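Asker: Residues per chain, in single letters:
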Amino acid sequence: MKKLSRLIVYVALALTPMLFSHCTLTEDLGKLKTSLDSVKIALGTPEFKALAHLQFVDAKTNQYIADVATVTVGGKNASAIYNTLGQSATTCKTMMGMLDLIIDPHLATALDTNPVEFTVTTNLAGYVNVTQKVVFIENKIKSVTIPLIKISDAPQGVSVSQKTNFASATNTGALTLPASESLNSGAQTVDIQQGVILKDASGNPVTGTVNSQVVFFNPTNSTAQASIPGGLDVSAKMADGTTSGIKMVSAGMYGVNLTSGNQEVKTFENGGIHIKTKLDPTMINPKTGVSIKENDVIEMWSKNEGSGEWMFEKVDTVRKVGTDLVLEETVKHLSMWNWDFFTNSCFYGAKIVFKGDNARVSGTVTTNVYSWDFHKTDYFSALPGDPTDGFIQLYNTPNNKAAKLTFTSTTPGVTFTPSVLDVSDLCSGSYEVTINKSTTAIPGALTVMTDISLSSKSQPDMLIKPNASIYLRPSGTSTSWIINSILYGVGTLNIQLGVDYDILAMYGTSNATAKLRVDKVNDSLVVTCTPTVNSGSTSNTVTLPPIPIPANNTIIVKYNIVLSDNVFSSLKSISTKL
Amino acid sequence: MRKLLIIIFVTISATLMAQTQETTNVTVNVSPAKPRSYFGIALGVSASTNGVGVNVTTALNKFLALRLSYEKLDNSLIQNVYAINNPININLGGQSLSMTPTIKTGGISAILDLYLGKSFYISGGVVNTDMDLAATLKSASPIKLGDITFTPDDLGQLGLTIKPLQKLSPYGAIGFGRNISRDHRLSMSLEFGAYYMKSYVIGLSGTNMFTPTAQANQILVDNLNTTLTTISWSGIYPVVKLGISYKIFGETKK
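Protein sequence lines correspond, in order, to chains L and V.
My numbering numbers the first residue of the first sequence as 1 and each following residue consecutively.
My numbering numbers the first residue of the second sequence as 579 and each following residue consecutively.
Do not rely on the hints blindly, as some may be mistaken.
[Said to hold, decoys possible] Only pairs whose alpha carbons sit at most 25 angstroms apart, straight line, appear in this in silico DSS-like list of lysine-lysine:
1. L:K33 x V:K741
2. L:K237 x L:K314
3. L:K49 x V:K722
4. V:K776 x L:K31
5. L:K31 x V:K741
6. L:K457 x L:K404
7. L:K33 x V:K776
8. L:K93 x V:K722
9. L:K140 x V:K722
No lab work stands behind these hints: they were computed from the structure.
Remember, predicted model here, so these are calculated numbers, not experimental data.
Just chain V, same shape as in the assembly (with noise of 0.2 angstroms):
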């Protein structure tokens, strides 16, 4: 935790100070004669608890941009950098179990940016989230029942999942840094944000022998999903982003 804090501390720091570096160039380059257009259009990269993703942010003038970003995260990307897909073997009542988590985030998202300083911003908007988050749980083992040896396969799978009660969702952010550079080409930014998806909802749903266990738990499935719905954050998803954007067009400060 102590770690986090100083990374982020160290990150905010980093971007305050370039965006510093840019106010002093600022002043070199006051030129009078013409007032300055801010309109401008960058193309950026992130990565956040959302996913890596692509954007493009439209300054509309001073104060406000447009950000239209796609993020994508699931097993794939992340099997790049840890073993997502390899099975988890776990011990339940003395019964060999794996389980294999399965990530899918991200979505496309229109986000309007306030700039309030050159380096901080408040941000406002929708995501449509692709956020589908599960675990599948199977025997770690082949069973024999009389003479017949059953894989885990033939067994069945239970799986759980939890999904967006509803996938168009409002997202609100706090950032530091710019998400397109008022003065240069490159920029970066650090946003701490969520979006909110009204509630989780959880399903439960079992094959072959575990057929069961999801039919026999249907009605606590539903009432905890009710019960979710009151409880005020669930279907908050957190967001933690870093990006890095390069101005495409657009005045730049001489």
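For reference, chain L alone in the conformation it holds in the complex (with noise of 0.2 angstroms):
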């Protein structure tokens, strides 16, 4: 009876709190299927932060070359290039003067210990074929320009020569007769000799009228090297084997393409072709340091086109023929010839940090070597703490020189300190670069940051966040796209009121544009864009209602895209096809 009292005490105690106790149960689940009603399903695309952002320009105006050319991808790494829809990008089309690869995600993240290089070879009608070696070392975006010479108005100092009807050969290919060329009145000279037997690439003779085209780089006009397909900061296989980044000085380069119908010349057989170049005795040989003379020795070497690597050849000298001082050579195969003294490089160089405002900025550096003819502009992307853009490596450049580098800014308000920077090694070294953004607004400029999402009228609450990159430029200008990354549908664009931009995205063989112009209208702001579809038409125009001016000039513009459920569909099974 004790026992049975004691329990009854001991359950009266825990049921007490219970039924006291005011049961919210149901009102508390109510509050909680409110708050979660609004709940949106949002997936990004891949990022694919390795981007290699081809530009392919006129080597003489430096404009975007609209036609459309193809660029065949080829090299050591080719099996891991895409086009940005994650398509195999053997064969592609450039749009609009670019074309954007990516390289395979899963090895973009060992870059700095396996680099991964391409080649991109441009066939354009009207402009001299290229091939260019790509190397990755960062996972970023590189953006690589690709000079092309246009034949009937090439660079100051870039001497093209075509003929129709350069030579005749027989069925085993043997021409019939003496065949050449000449250039600058006679200072290049292309001859073969009659008898000699013109193979192509898989060893077939080369038969009938035989069509010539010798572009020759005149290596005393800056111009002319700059147009150099490739540049001169090259890798390269040396006498000894081994494969070495090497920075050239030119002393005469030659491109010779020679064909017949489909058939192109790539060796030759009883004989060779002769190639010469007379030299400019202001010339400085830079072994010496003094002027270029007679018996100087001078590398030769010959491009190869599979791997866009130089390959050593032989050593030439210099020979005195009457008063000119020349070049010559008879080569076997047909490529880029290139006579070329050369100092070696690193491949990985000096690195700069970037400190300071934790905004994401950009801007090019351009390195100039004091005691050497060596410089070159990159574009860079930099965000001081961030694992990828916190930093830019040098890449290719001579070793053991001292050189200057000078910051400039393409973000407006933005400046570098140091602007220009004595570095005593290019290839070793960590420097720091703060950036600087001013404080006091700039009359007219204008951030805009972008929130980007697709969705369709049959699920509002299925978002999609794009990541992408937007290119940026006044409308009507020849200037340079500006790249702005969309990272999960976010990114900035620097612009100023009043003026009309163009906008556009790529994605794999697609492109889409917009017009973009923000006006200031009494104190508001008045966005308004017109956007073209692929087709090339153009939509309506959509002028969104009038905002404030911020205080910080930054405006937010949040645009969901309301996307066909069948476009829709497509791009979901990229984002979501789990």
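Two chains, each in its own frame: build the complex with the hints.
Answerer: Okay, structure coming up:
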């Protein structure tokens, strides 16, 4: 009985709080349901950080080439190169003078230890075909400008000669008569003797009427040197068989192309093609530091069109013929040929670490070597502290050379400290550059922060937040497109009020363009956007309701693009086909 | 539920019976000559909804005892009895996803037991909880974009967490049996209680392609957490604990 009464007490004690408590479960669940009513499913598209932004410009005018060029991807890691939709990019077409290619994201994360390299060969009627090597050492956007030489309007210092009836070859490929071509009043000549046999890459004889195209790059003309496909800081196979980064100083570069119908001459038998150039006697031999003279020696190189790599061929000697200093050689295969002095380069150069304001800015760094004719300009996007864009690493720069690095901002109101950096050795060291953002408002400047999402009418709560690169430039200008990275729909565009801008986005083989303009009307800002759909027709202009001018000159544009169900479904499959 | 009630009833009965047995022994060993000291120290182990644990209990007098405990429960312990680390495949909107729960709870506690009877006590104290419940959601299979195959790890994952608003939480319980025996070496206890963490805090995170899910719903998660603070039972962590202890120091009944 005593046990029972004790048990009753225990149970009573346990039940008391339960009985007297107020049950709020139903209303609590209601509150939670209300909180969850607006839940949205938002998924991103894959992010491709290692993106090659190829820009095809006229070597003379520096204008983007609007004509569609065919680009063939080759070289060591060609199989790891895709278009921005992840499709294998063996052969691509340019769009508005540009092409974006991505590195396989599985390789992109280890680029610092395992660089990815490939070649792009550009074919465009009326322009000299170009093969350029691209090397990725960082998991970030790399902007590569490929100058193309227009045959009918070559840059200063670049000589182009074409003959539609250069030579005639028999069924065995043997030349029926000697053939020759000269440039610059005979300063450069190309000769092939009678009986020399022409063969294509497969070893088949090239027969019939042979057309020629000879290009020569004047070594004393800086414009011509800047037009050399792939530049002169290159990767080369050296005399000892090793591959090394070198900086070339050209004494004369030839590009010879011989074709018959669809056949292209690649090799010669029973002789070769004789190329010869007169040298400017004022040219400085970098090895001796004085003007070039008789019996100076210089290396000769040919370009491997497959790998984009320069190959050491032999050492030639400067000869004196009459009063002229000349270099001449008979070569057995056709490619770019170059007499070049060189200095070794390092693969990984000095490192520049960005400090200062935690905001993404863009700019260029120009490298000028004090004691050497070496200069190049690289584009960069910087974000202090960011594991990818918090620094830049110079690449393939001359060994043991002091240089001046000049930093120029392309973001309005941003400066760099120091803007000019003295580097004692381009191949070593780490330097800090501070980003300063002006606190003073720049007249007419506006920062547009975009927040883009894609949805469809039937699935309004399903959003796709794209990763993409958006290109921007003032309408009607020929300036370079400014790359703006959109990360999961969010990006920043720096614009000026009252200026029309062209906006371009590329996805795989498609692109979308729009015109954007922001006007100041009284004390408000009015955003106007005119998209152009894929077919090229222009959609209606959308004018957003006026918004007050913000104190920090920054507006946030949330742009939800409602797509048709079909288009959305195809995009969704990229994001959510799990 | 019915089974659970029967188990609880049987456990309570057994515990009470054990203590009743002690009562019988007490009557045999009455010693009027010297006042008895109830001070003692016991070491114990426990298993509860807050984890498996060890404790040291010090009886301060006949009614009060101070219990210091450490309890732990995580995937590695659960894996011994249930394959919790094996992802659970679920189908959401026609998409195959795998979910992996991560359970971590336990903590250090300091609890005062007040014995209202020989085998019944009420407890109060504080627990520094380690509670961290999580679930990760990722694609169950690789996908192909163009010619590139993305593994589930490439695609990223969505993470959901439930954590306490305050780690140092008050604890209250009623118990049957004892955490330190009064008259013998061995004792058992069964405890029902809860600690109160003020509220649950929900967290949502995403990596790679799931990053926007977390970003797009951040305001919603903030609102949900605000709502949870207005719900009375939010933050309560129920505890059912079974303990056994051995008195290593102190008098026992002869």
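Asker: Evaluate each hint against the coordinates.
Answerer: Hints and how they fare:
1. Proposed proximity of K33 (chain L) and K741 (chain V) is supported: the alpha carbons are some 20 angstroms apart, at most 25 angstroms.
2. Distance restraint check for K237 (chain L) and K314 (chain L): the Cα-Cα separation of roughly 12 angstroms lies within the 25 angstroms cut-off, and the hinted pair is therefore satisfied.
3. Restraint check for K49 (chain L) and K722 (chain V): the C-alpha separation of about 18 angstroms stays at or below 25 angstroms, so the hint holds.
4. Restraint check for K776 (chain V) and K31 (chain L): satisfied, since their Cα atoms lie roughly 17 angstroms apart, inside the 25 angstroms limit.
5. Restraint check: the Cα-Cα separation between K31 (chain L) and K741 (chain V) comes to about 20 angstroms, which is no more than 25 angstroms; the hinted pair holds.
6. For the given pair, K457 (chain L) sits about 56 angstroms from K404 (chain L) by alpha-carbon distance, which is inconsistent with the 25 angstroms threshold.
7. Taking the CA atoms of K33 (chain L) and K776 (chain V), the gap is about 21 angstroms. The hint holds against a cut of 25 angstroms.
8. For the hint linking K93 (chain L) to K722 (chain V), the alpha-carbon distance of about 23 angstroms falls within 25 angstroms, and the restraint holds.
9. The suggested pairing of K140 (chain L) with K722 (chain V) holds, with an alpha-carbon distance near 22 angstroms, which does not exceed 25 angstroms.
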